[in-house]
Amino acid sequence: MNNKVRIKIDGKEYLFPQGIKIIDACKEIGVEIPALCYLKEISEEGTCGLCVVEVKGFKTLQRACITEISDGMEIFTNSEKVHKVRKMNLEFILSIHPAECITCDADGDCLLQDLAYRYGISQSRFIDREILYKKDFVIPTIDGAGILLEEFIDEELKSKIFHIHRTISKYTRAWETNPFIKFYPDKCILCRRCVNACKNQALVDAIGIVNRGYKTKITTPFEIPLEKTKCQFCGACIQACPTGALIEKPRIGKGKIFHFKKTETVCAYCGVGCELVLYTDSNNRIIQAKGKEDSPVNKGRLCVKGRYGFEYVNSPERLKKPLIKENGKFREVEWEEAIDYVAKRLKEIKEKYGPDSIGLLGSSRCTNEDNYVLQKFARAVIGTNNVDNCARLCHASTVTGLGKALGAGAATNYIGDIKNTNVMFVIGSNMTETHPVISQFVKEHKKRKGAKLVVCDPRKIDLAEYADIYIQHYPGTDIALLNGIMKVIIDKGLINKKFIEENTEGFEEFLKVVSKYDLDKVSKITGVPADLIEKAAIIYGSAEKAMIFYTMGITQHTTGTDNVLSIANLALITGHLGSEGNGIMPLRGQANVQGACDMGCLPDVFPGYQKVSDDEIRQKFEKAWGVKLSKGIGYAVSEFADLIFEGKLKAVYSMGENPVMTEPDVNRVRKAFEQLEFFVTQEIFLSESAELAHVVLPAAAAYEKDGTFTNTERRVQLLRPAKEKPEGTKYDWEIVCEVAKRMGYEMNYKNTAEIMDEIASLTPSYAGISHERLKKEGIMWPCPSYDHPGTKILHKDGKVKRPNKKALIFPVEYIPPKELPDKEYPFILTTGRILFHYHTRNETRRVKAIETFVPRNYVEINYEDAEKLGIKDGEIVRVSSRRGSVEICARVSDRPKKGVVFISFHFKDTNANILTNPVLDPVAKIPEFKVCTVKIEKIS
Amino acid sequence: MAFDKYLINRIHQEKGVLSKEKAEKIAREEKKTFTGLYEFLSFYTFFKTKEKGKHTIRVCKNLSCHMDNGNKILEKLKETLKIDFGKTTTDGEFTLEETSCLGACALSPVLMIDETTFTNIEPDIIPLLIEKFKKEKIKPLKINISAPYGKFILRNVYEIDPFDIEEYIKKSGYQALKKAMEKGSSFVIEEIKNSGLRGRGGAGFPTGLKWEFVRNEREKPKFVICNADEGEPGTFKDRILIENDPHSVIEGMIIAGFAVGAEKGIIYIRGEYEAGFSILENAIKQAKERGFLGKNILGSDFYFDIEIVKGAGSYVCGEETALIESVEGKRGEPRKKPPYPSNKGLYGKPTLINNVETLTNVPLILLKGSEWFKQKGTILLSLSGDFNWKGVCEVPLGTSLDYVVNKIGRGIKEGKLKFLILGGVSGNIILPSQLNVKLNYKDLCEINKSIGSGAIISVNEKRCPVDVAKNIIEFFRDESCGKCIPCMRGTDESARIIKNIWKGNGIQGDIELIFEIAETMELSSFCPLGQTALKVIKELILEFTEEWNTHIKEKLCPLEICGNE
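Taken in order, these protein sequences are the chains called A and B. Quick note on numbering: the first sequence equals residues 1 to 940 in our numbering. Quick note on numbering: the second sequence equals residues 1 to 565 in our numbering.
FYI, nobody ran anything at the bench for these hints, they're computed from the structure. What you are looking at is a predicted structure, and each value in this text was computed from that prediction instead of being measured. Some hints could be false.
Here are a few chain B residues that sit away from chain A, every Cβ distance over 12 Å (derived from the structure) [stated by the list, open to error]: (1) F3; (2) H55; (3) K139; (4) E219.
To give a feel for the contact side, a few chain B residues facing chain A, derived at Cβ under 7 Å [to be verified]: (5) T35; (6) E39; (7) N406.
For every residue, glycine included, the Cβ atom is placed at its ideal position computed from N, Cα and C.
If we strip away everything but chain A, and leave its shape as in the complex, we get (with noise of 0.2 Å):
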């Protein structure tokens, strides 16, 4: 493929690779070819004929987006005859797009109105003649009766009509009951871009092509309504779309893109980390958000959050003021006097109780520097190692899994490497709705180059449709089917023995407890058939490349460490780690929780994961930061009611974090919270956690702030505000450094870009990382050196972080659930989100497209369950465990495991968190938010 060819365009020689297509090449040499339907790797048809070029040889022109290079090629672009005919062809466009700009929120944002200008067409020739006799012209309708002109002249829709009998073929209903995208079925230029951003990038073929010929049009199968097909509104279609017949609904009206103030920036939800581009309006509101074309992680993707979530922070419900409450109301108050409140209730209570009677709560949705500013408050002013950030609910038993086998509980390889690999292992992630983006790098892997997907779930999910195999196994048994499958590997031989030997350890005394695993004991366990636990073996075990993708699926339970651990197993056996598309990819579930552990919001660590116990370490920061430091280990968040009620824990200092919604058994929480002496809290709205708490001070939004973020691949990106931050609000490390001023500690940072220094010279993974270098491009960790390029791929050729460099392959049992079913409880509840929202919703019930597509929270049932407890789709039930119930809509199908139920945690009065079970993995402190056990009764 190296092999270079020889062309001629206008006139000049190049010498290109061959296999690249002319449109490639002429980019290349800056020569710009226009395309209207043409998207690299996505939309490659030639529908549109705007793109060809003369080639010598050929009696017709040929379309520089589908015809590769070939050596001695000769090809004029811009002669008169392709002048002539690109300028035919727009105007055969415009005979079915009314010319009316003006009215259209797509004028500056175009491709086809750039065209129409730089060619000089205004108006297409074609146009309905019978209207300017006005004979017996009749307008159709959708419904074929048609009207006559007399009866319908009307100046404004005069361009509309001259096209009526172009456009009426187009027309559809497909897209009229959705909230999130409308459809311009009169300004469609069939180019087909959204149908192939459907299908290639979202593949989820909500919209296709139909009928054919002049009657072709792009609708839904038989017409349905969009949200009655699997469209997941990620709007791929509306960014591909080059004029304004798709767009997003809530954006109608809102103004021009060429008055919108432009700003990169990170995406402030899920952990993939999606670099867009925000449009902001002249009153401080932002109006739309794109995926940014070239970012390195989401090539321009977005899901329906990423595309509509950015609404909440034009919500007029934000925070303002800092309030204090008293006598159970809030008052707003002055930043001065909040401050000073804030200031003086730690030292009372530091002076009183001791500093470890304080906890911190350090936050995934703020930025490192927020969050490194937040450690080395607790550290340094209150003196305390009690500091953590909801990590802890997710992924802190990857960090101790991870951590245990290979030295570093971080994702070991880079989201771009998906493409790379040949089998990808799926389990307990349900990736298209939590992590939308990459699921859609994992479906069109398979689609464009056929990799394998074993996708193991309790729930059906809908990856599961996509794979090759799937697997439903009850929820807590991945141990079992681990094991299972790493036991069929070994008898299969398929184990990688040169891997094992030098890269791992402890390979004879996992062999003594897996060997107890044979299918039939593993079938029995999880539910599941032998022969399929035997195939995803295989197929796992003799892929070339493979990487294993996990969620909350393996980490929330009480053997959330040992299930990392077995994933770590899974792979070190197969040497499935260490070089390109090998390896293993813990999801992160929020935008900066990668970040914020990273940053030492660790009760054990400084940033860096630099542990609190070595004297070193220690020295170095106290040397860095004035003041001794505490060495002993500080308290999990999971652990804070608990210590409340003990009365160890007096006050909880919270930057952005909600418990009382995210914890497990969250009414116990509530009154723990409620007990606590003082409680202050940052916050941008009034969440369920603020509402209990002493003191709120208003914070900025994450599209408010520069800064950074940590994805779930180690990529440090940089933030940049969209927008102004409200008045009266503060930066979240701002409000922190004004506290411990007023605490006696001087925090002076000139602004964030200073914290990431500070931060980088205490950091050896952060060493290399400064805004100055983010602005060009995001950089993964570790990153030693101001001249390291970052690094893509941990643990390279199987070294990995451990002191012997070898990785550790630790046998772990099997240990069912702490609550089983019985006759009272009979079902399993597992939890998680969904796809529209976002854990506590304070965001997303905030987005008025989705809080309106999905207001209220539901149970999964599964059909046989169901109809045994004679529960219809849509009924009120009530779901009880041994701590709470709740009354629910039921959501009846396949999903869920017979005897498994699903409910999400993002309503508040139908909280899965109401249900949950208190219980941790004893090594990380996780709760086990995966399997609770309930009764499902119907109310009436």
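Using the hints provided, position chain B relative to the given structure of chain A.
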């Protein structure tokens, strides 16, 4: 052989009508997305998503039928059934549909009720025809044939019972296959190359060369496809061969499969050729029983099997890559070439695609020798329109057109010849002054014409070129697949302009605009459909400019034909 292995066949089995629920089910079973299946369904005119009447009437509206009182037939049908096209009678008995050429132009006007073709329809018999309609056994059509220089391709037509393989065998049937297998594949390919045989589907590509390309491909498996999707208006010669001499086609395919190293043959036959379909189905069964198909053909280890895929009403599927897409269960939209099918065809594998007549020539060449074919090789022509004699004739390459028109066609009905359309509506215009041209590739090329599919439609003086043009462009508009803008919009826009001229709404500049459209379509349409759609019309304008101008300037048709819908 499972007929419904191919998606398009499976939909035929559902009578072409799928409800939403049924479509969802089939999509699941066929491992296709629901959207993908709907895209597919909506492409083909035979397939519908709404319940249709018990019977479907399809009436041809293309040129030969149109010239033969076609409009009156359309009107009479609407009047009799009291419905418009596309609608179903209130009693749910009949659905009325217009359709493109039904491939029986010598017997114009033509309509189909369900699978039965009715020919030479008089408007007056329509009420009776509908009233008396009963399902009956489908029979091959009786189309005139003529072979003044000897029957070679037509050797078995009307001579043998197409349902009986024994009769074919008696007439040295399957001897060519035997010879081919004795002499080996290199011999076969050399013979075909040496014979100079060129594709009879329209493009005229040297057949032997194509075979050699496929044989030289290393990829396996390879496919042989017989293109029996004869759809070029005015063409019906393949129909005659399929309906009357199926084994010659099958033998040609087996030899092709042997020569190129393929194991699987597919006959893609248009959905309108229902009789041909059952005849081929029967012939394949008999050939299998006699050991000419299947395992160990003629006692060797050569394996070859043939399946039939039934088209569903789409002219563009006659284009080889569109045909392949259709077999694969997709919309019949042409692919980008290269890669050519010989390199990457069906399912991405090397594929030989030959037309019916081309394949029928193969046994002949092997038995009579390539030298004979070089000297005496013949070609089939489909004569329709204003000839006194209409049908399929077989003449040696090089016969003069004048002979065909005046001797075989017995001159022109009701007046003098105005022009011929040679090679179908994507072909050329031949003026009376050009009749002395010899029908071979070289001579025609010299006057910028080509023989195309061998269709010859004659048009007499009393006909209006604008009316002919309108009919032709509407055909292309209806059959454009819609993939590329130049063709989708170009056919529609030129159809609108020509219709306006036809109606007396023409304006200054229309002619120039048609030429501009034509240039863009020729230069930038994705496939030959769009590239050639305005070819005949351009020539009609150039040759009959006066008449066009009268339509535009004086807003009237000198022959009083145009303007009446």
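These are the hints, each one checked on the structure:
Under the 12 Å C-beta cut-off, the non-interface status given to B:F3 relative to chain A holds; the minimum distance is some 25 Å. Residue placement check: B:H55 keeps its beta carbon more than 12 Å from all beta carbons of chain A (closest about 23 Å). The non-interface label for B:K139 is consistent with chain A: the shortest C-beta to C-beta separation is roughly 32 Å, beyond 12 Å. Every beta carbon of chain A lies more than 12 Å from that of B:E219, the smallest distance being close to 17 Å; the non-interface claim holds.
The criterion of a C-beta within 7 Å of any C-beta in chain A is met by B:T35, whose closest approach is roughly 4 Å, and the hint holds. The beta carbon of B:E39 comes within 4 Å of a beta carbon in chain A, closer than 7 Å, and the hint placing it at the interface holds. The restraint placing B:N406 at the interface with chain A is violated, with a minimum CB-CB distance near 35 Å, outside the 7 Å limit.
Of the numbered hints given earlier, the model fails hint 7 alone.
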